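Protein sequence lines, in the order shown, are assigned to chains W and G. Quick note: the first sequence uses UniProt numbering, first residue 1, plus one each step. Quick note: the second sequence uses UniProt numbering, first residue 1, plus one each step.
Just so you know, these hints were derived from the structure itself, not from any lab. Everything numeric in this text was worked out from a predicted model, so none of it was measured. There's no promise every hint is true.
Unchecked claim - Among the chain G residues that face chain W by a calculated CB cut under 8 Å, a handful are: (1) F78; (2) S80; (3) I81; (4) Y168; (5) I171; (6) F174; (7) S175; (8) G443; (9) R462; (10) G480; (11) G489; (12) S497; (13) D512.
Glycine residues also receive a C-beta, built at the ideal position from the N, C-alpha and C atoms.
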Amino acid sequence: MEHIVIIGNGISGVTTARHIRKLSDKKITIVSTETDYFFSRTALMYVYMGHMKFEHTQPYENWFWEKNRIDLKKGYVKTVETKSKTLHFADGDTLKYDKLVIATGSKPNKFGWPGQDLDGVMGMYHKQDLDNLEKHAPNNDVCKRAVIVGGGLIGIELAEMLNSRSIPVTFLVRESSFWNGVLPSGESEMINRHIKNHHIDLRLSTNLKEIKADENGKVKSVIIEETGEEIECNVVGLTAGVSPNISFLKDSGVELGRGVKVNRYLETNIEDVYAIGDCAEQHEAIGNRRPIEAVWYTGRMMGETLAQTICGNRREYKPGHWFNSAKFMDIEYQTYGWVFSERNKQDYEQHFHWKHEDDTKCITVAYNKDTNKFLGINTFGIRMRHEVFDRWLTEERDVDYVMNNLPEANFDPEFYSHYEAEILSAYNNTLQTT
Amino acid sequence: MSLAKPDALGITTKQKVALAVGIVGLFILTLALFNTNFPNEGLSLTAALGLIAIGVIMYSREAYLTKLEGIKNDGQWFKSISSRGIWGWTLGVILTAFYIVLYFYPKYLGLGQGVDGSNTGLISLFDPLSQLLSGRNASQWFVYGTLYTLAILAFGYKFILKYRHNRYQQIRTFSVMFFQLGFAFLIPEFMYVMNNDLPYYDLKSVWPLNYYLFDEWSVNAFLSNGSIGLALIIFGILSIFVITPILTYKYGKRWYCSWVCGCGGLAETAGDSFRHLSSKKLSAWKLERWLIHTVLVFSVVMTTAMVYTYLGYDKNDFWLTRGVFISLVIGFLTLVFAVVMYFKRQELGKDAKAGAIGYLAVIALLLIMHFTGTTEHVFFVKGGALRSAYGIYIGSIFSGVIGTGFYPILGSRAWCRFGCPMAAILGFQQRLFSKFRITTNGGQCISCGNCSNSCEMGIDVRHYAQKGENIVRSSCVGCGICSAVCPRGVLKLENDSMKGRINPTEILLGNDVDLMELVNQK
Chain W
1 MEHIVIIGNG ISGVTTARHI RKLSDKKITI VSTETDYFFS RTALMYVYMG HMKFEHTQPY
61 ENWFWEKNRI DLKKGYVKTV ETKSKTLHFA DGDTLKYDKL VIATGSKPNK FGWPGQDLDG
121 VMGMYHKQDL DNLEKHAPNN DVCKRAVIVG GGLIGIELAE MLNSRSIPVT FLVRESSFWN
181 GVLPSGESEM INRHIKNHHI DLRLSTNLKE IKADENGKVK SVIIEETGEE IECNVVGLTA
241 GVSPNISFLK DSGVELGRGV KVNRYLETNI EDVYAIGDCA EQHEAIGNRR PIEAVWYTGR
301 MMGETLAQTI CGNRREYKPG HWFNSAKFMD IEYQTYGWVF SERNKQDYEQ HFHWKHEDDT
361 KCITVAYNKD TNKFLGINTF GIRMRHEVFD RWLTEERDVD YVMNNLPEAN FDPEFYSHYE
421 AEILSAYNNT LQTT
Chain G
1 MSLAKPDALG ITTKQKVALA VGIVGLFILT LALFNTNFPN EGLSLTAALG LIAIGVIMYS
61 REAYLTKLEG IKNDGQWFKS ISSRGIWGWT LGVILTAFYI VLYFYPKYLG LGQGVDGSNT
121 GLISLFDPLS QLLSGRNASQ WFVYGTLYTL AILAFGYKFI LKYRHNRYQQ IRTFSVMFFQ
181 LGFAFLIPEF MYVMNNDLPY YDLKSVWPLN YYLFDEWSVN AFLSNGSIGL ALIIFGILSI
241 FVITPILTYK YGKRWYCSWV CGCGGLAETA GDSFRHLSSK KLSAWKLERW LIHTVLVFSV
301 VMTTAMVYTY LGYDKNDFWL TRGVFISLVI GFLTLVFAVV MYFKRQELGK DAKAGAIGYL
361 AVIALLLIMH FTGTTEHVFF VKGGALRSAY GIYIGSIFSG VIGTGFYPIL GSRAWCRFGC
421 PMAAILGFQQ RLFSKFRITT NGGQCISCGN CSNSCEMGID VRHYAQKGEN IVRSSCVGCG
481 ICSAVCPRGV LKLENDSMKG RINPTEILLG NDVDLMELVN QK
């Protein structure tokens with residue numbers, strides 16, 4: 001029986017395993033050093049916040065794996081020998097495979113800051129990071145202040161986590177406005193204000209120079225690059241992005257760039273070795289997507305696709321329309337299609353922006369100013385239907401159609417106030433003035 | 001147990017004051033329980049109930065109005081009271097003890113312990129309020145009803161503040177507060193004032209939840225009260241056979257379970273802090289399905305037997321004889337069974353077999369009853385014995401002692417989920433003949449588990465959401481909290497067409513359209 005070994009028990013690897021099981025009888029082993037069972041990484045924050053216990057982040061009960069004949073092996077893969085198709089573990093153990101799936105995800109970026117490996121400095125990615133945070137920041141007696149470095153999705157989540165235990169937070173963001181490499185300015189600035197409304201000390205255009213230690217080698221303070229200011233703190237969160245977790249492959253012969261290089265079939269340069277999820281890097285980006293997509297949904301989609309290939313139905317990874325979502329403290333964010341920030345958008349991309357007066361809801365609609373074609377939407381504080389926007393994008397609707405039919409896309413709970421009329425009249429007003 | 005207690009769990013000074021105020025109110029009730037004679041009972045009662053209400057209101061305002069609008073579940077799995085800690089168990093024991101005394105030893109609450117059968121203790125403290133409303137002394141049920149209503153109103157206020165960004169939650173909570181105060185508490189008292197021969201009838205309490213509605217004493221009391229009594233009993237019959245299916249078809253069982261029902265009302269308000277404690281294990285779901293349907297069978301057979309025993313054989317006495325009655329029941333059950341099997345057999349899958357066994361068991365029981373029954377006995381026991389067994393084991397122990405007493409252990413909906421025969425009927429309608437579903441938003445689920453965690457009915461909502469499948473479950477009471485806590489805007493409670501309501505998928509929206517077509521068509 002063919003043995004499929006998957007390194008990594010995150011959403012990509014587990015999705016692959018589940019779909020292979022649906023399609024075949026192959027022997028499947030999932031290897032992980034992080035946890036015994038699959039959990040939802042995106043839910044780690046809720047464990048620290050006390051909304052859930054860790055076991056609740058596990059989407060399947062523990063009996064699920066044996067019942068579906070998916071073997072779980074806990075161990076750290078040190079090297080991969082592709083000639084003999086063997087994995088070598090840190091504890092000396094070995095494992096043979098017929099086909100290998102690399103789905104090892106990411107690790108937090110560190111940019112060589114002095115003091116970045118001190119006690120009390122951590123990312124927020126792995127289960128171990130959560131345990132570490134629980135140890136160093138159980139409450140605001142032990143942790144008088146935390147400093148977060150890096151203004152992206154994980155950074156703001158870490159800020160929300162610490163805030164839930166009333167730990168004062170200083171949030172250092174390199175950019176002039178939160179996540180403005182991705183978000184258009186109207187949205188980014190609204191989130192700046194929302195962060196501050198939560199009494200978080202948001203410092204824009206601010207870089208970390210170094211992290212200082214006390215006599216026990218534990219974090220004592222950080223120094224700001226621009227001003228030289230010293231901020232005393234007990235925890236430093238490094239959330240300046242992630243990069244593929246692939247160092248164990250450097251002598252394996254598998255072609256590496258920033259991630260594991262794969263073709264559109266998610267195959268590496270070596271036969272029977274595949275890579276998916278955060279750690280995979282496309283030779284050439286697909287459409288507007290990045291070559292490395294470190295997103296839950298794309299990991300899942302790659303897993304769904306690769307299972308077909310492994311089970312004899314070789315298929316390209318051909319994702320549909322881009323979508324994503326996040327939550328910034330109390331403000332939900334969804335995006336369908338492409339809306340680029342001022343920094344990254346093309347000349348033809350024009351935006352219509354509407355913001356509610358309460359400063360917690362806004363939308364940005366991107367369209368081609370020459371053809372009027374609808375390109376995408378960012379929505380904050382208003383839920384919208386994925387299915388409707390996916391259809392409109394496929395049908396290549398123009399922006400007028402989208403604006404006039406927005407009520408169809410509304411996904412807010414019943415009895416919520418609706419803003420489509422207000423949005424439409426704002427849209428019509430902008431058209432008249434331009 | 002975490003040694004370093006997260007500081008977020010500490011409460012503010014204002015909240016400590018609020019707690020103290022509430023505890024003083026409870027303390028007055030406790031003193032009354034131990035037969036303290038208050039000089040002015042009316043004033044003492046007002047003070048006790050008022051202080052409890054003020055305590056809850058102050059506490060809630062400090063907890064929620066000092067923060068921005070949003071989801072407020074920080075620390076719910078750390079706090080002792082809401083995570084089966086020492087305070088949770090203590091509260092569970094106190095509530096359970098209260099229910100045992102209430103149902104089985106009301107004399108310890110002071111019922112009729114005074115001279116000439118007047119009340120003492122806690123019950124006598126409530127006499128002034130009862131006198132004010134209906135001109136009679138309080139009973140243990142009046143005390144219970146008052147405290148129950150107070151709990152729904154005070155904690156309903158708390159819930160409304162907690163979800164002040166969510167109009168669905170606010171309107172729904174206002175609804176349960178209204179129905180409790182009006183229909184369960186005030187109207188029956190006023191009905192008594194207008195016509196004191198009528199039995200207590202909470203109009204919104206539908207058979208079989210209201211299992212004594214068709215008892216002999218109840219029916220006789222209604223019938224001896226002319227047209228108003230007759231109207232009420234006809235309303236009772238229409239409630240279950242006409243009103244309920246129509247509303248459930250249009251809105252799902254939520255119209256009752258989380259908008260109207262008193263048990264649901266308490267669970268949604270006072271029980272909100274315990275909703276996450278319900279078990280989401282598959283094994284719990286299996287147990288639930290057996291238990292709740294067994295109770296339903298018990299309640300149908302029990303009610304039929306009850307009515308059966310007091311129907312005379314004499315045709316001249318009344319057109320509805322035992323024979324006619326048992327034929328009607330069997331005919332009705334057969335009709336329901338046939339319709340379901342004809343239209344929904346495919347959809348039910350394996351459950352069709354369980355349903356058939358259940359149906360045949362009920363019919364067999366009814367036939368045995370008919371052919372072995374005598375004027376006095378059914379199933380070789382006295383008719384009344386069956387009824388009192390149901391009353392004790394289901395009506396009191398299951399719904400009260402376990403259902404509410406165990407809030408801090410089993411979560412707030414243990415009765416609704418495992419025991420309520422009304423929920424079973426509504427759930428059956430909801431699963432098969434309803435426009436209601438929880439829609440999943442394409443491929444946006446991140447499997448975080450907030451939805452499952454906060455489901456008071458123990459539904460593993462995530463199991464469906466992460467497959468992009470709508471949630472159509474008989475147990476769902478439509479409280480809408482899964483939708484509220486979802487950080488990605490994935491869930492929406494909706495009434496829409498029956499077509500495509502149940503939509504299992506293998507691959508979610510957002511992936512290769514050809515692949516989706518290939519895999520999902522199977």
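Hints and how they fare:
{"no.": "1", "hint": "F78", "verdict": "holds, 4 Å"}
{"no.": "2", "hint": "S80", "verdict": "violated, 12 Å"}
{"no.": "3", "hint": "I81", "verdict": "violated, 13 Å"}
{"no.": "4", "hint": "Y168", "verdict": "holds, 5 Å"}
{"no.": "5", "hint": "I171", "verdict": "holds, 6 Å"}
{"no.": "6", "hint": "F174", "verdict": "violated, 11 Å"}
{"no.": "7", "hint": "S175", "verdict": "violated, 11 Å"}
{"no.": "8", "hint": "G443", "verdict": "holds, 6 Å"}
{"no.": "9", "hint": "R462", "verdict": "holds, 6 Å"}
{"no.": "10", "hint": "G480", "verdict": "holds, 6 Å"}
{"no.": "11", "hint": "G489", "verdict": "holds, 4 Å"}
{"no.": "12", "hint": "S497", "verdict": "violated, 15 Å"}
{"no.": "13", "hint": "D512", "verdict": "holds, 4 Å"}
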